Each structure stands twice: as C-alpha cells, then as structure tokens.
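Chemist: Starting from the given sequences, assemble the full structure and let the hints guide the process.
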Amino acid sequence: MEMKQKRSVTWCSWCATQRRVLRCTMGVVLVFLFFAFCPPAQAVGPYTAGSNTVVDQGTGLEWQKSDDATPRNWQDSLAYCESLSLDSKTDWRLPSIRELKSIADVSRYYPATDPAFSCQLSSYWSATTVTDYPTTSAWHVHFGNGDDIWDVKAKKYNVRCVRAGLSGL
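Mapping the sequence shown onto numbering that gives the first Met the number 0, position 166 (from 1) lands on 165, and the numbers just tick up by one.
A portion of the hints provided could be inaccurate.
[What the hints assert, rightly or not] Subject to a maximum C-alpha distance of 16 angstroms in a straight line, what follows is the list of computed EDC-like cross-link-like pairs (lysine to aspartate or glutamate): (1) 100 / 131; (2) 154 / 75; (3) 100 / 147; (4) 155 / 131; (5) 155 / 104.
Derived by calculation from the structure, the hints in this document are not laboratory data. Remember, it's a predicted structure, so these values are computed and weren't measured experimentally.
Modeler: So this is what it looks like as structure tokens:
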C-alpha cells in the first residue's frame with residue numbers, strides 16, 4: 000500500500016480507489032431503483048376497441064379505428080367524414096383539435112397513441128381552423144410524436160373521423 004502526504008493529511012491510494020468504486024456502485028443502484036420503482040406512463044384513456052371503431056371511455060367519443068390511408072386536403076377531409084358510414088352509423092365528423100389531441104399520447108412514440116388505434120405515422124386533420132392567422136390554415140396532429148401543428152388547408156394529411164361524445168371536448 001502506497002502512502003501519500005497531502006496538506007498534512009495522510010491517505011492511501013487503496014482507500015481512494017475503494018471510494019470511487021463505492022460511488023460508482025451507489026450511482027448504478029440509484030439508477031436501478033429509479034427505473035424499478037417508477038410506474039410506467041399511463042395511456043390517455045381507457046379504450047374499448049371494436050372491429051371498426053374505438054370508444055374512449057373517458058370522453059364517450061367513438062373513433063374510426065383505422066383510417067383508409069388516403070391523405071386528403073382539409074376540405075376533402077370534412078366531406079369524407081360527413082359521408083362516412085361505419086358500423087351502420089352515419090353521423091361521423093372531423094374532430095376538433097382538442098378532441099384529436101385527446102387520443103394522442105406523448106408518453107408513446109411512433110405511434111403516439113394507444114395500440115387500440117391503427118395509425119399512420121403522420122398527421123391527421125382536425126376541423127379547427129387557425130384563428131389568429133388567415134382562415135386558409137387549420138390544425139392537425141402528428142401521430143408519430145403527438146405534436147399539434149397548423150398548416151395550409153390545401154396540404155394533404157390523413158383523416159380519423161369521430162362521432163357522438165358526452166364530454167365538453
């Protein structure tokens with residue numbers, strides 16, 4: 000064991016090495032404890048999935064489970080939802096930005112939504128027009144990461160229709 004003199008305090012290199020090992024071990028243990036005892040992020044709703052629709056039990060909204068993978072401009076998206084007949088229901092509409100954000104789950108990534116939904120990793124139009132900019136723009140949600148963004152209504156994005164609902168979304 001090598002002895003060193005530093006500022007009139009005697010210490011040994013073996014002790015210094017052991018302290019580094021102890022600090023490193025404690026760091027690993029703390030990281031393990033953090034991940035072992037932190038609960039996983041919860042999904043946005045509890046969802047009930049049928050063959051063609053998903054019901055959000057929290058809001059009462061019934062969602063189209065799968066889009067048809069056809070990007071549309073905003074006007075065509077409105078028309079698509081209004082003409083949709085799914086499970087013998089015809090009162091479908093394009094969701095508001097608030098409704099659409101309610102099924103985005105930013106704790107998930109690619110896709111940023113519950114597995115109950117079949118989802119393209121791209122943006123979906125909302126019915127909400129941008130109010131502080133020309134009315135030629137509307138909001139959409141990117142379901143790769145859950146971001147809400149606005150763009151010109153002529154752009155083509157996917158569509159997920161919604162119906163009914165008991166909440167004030």
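Chemist: Tell me, in ascending order, the numbers of any earlier hints that this structure violates.
Modeler: 1, 4, 5
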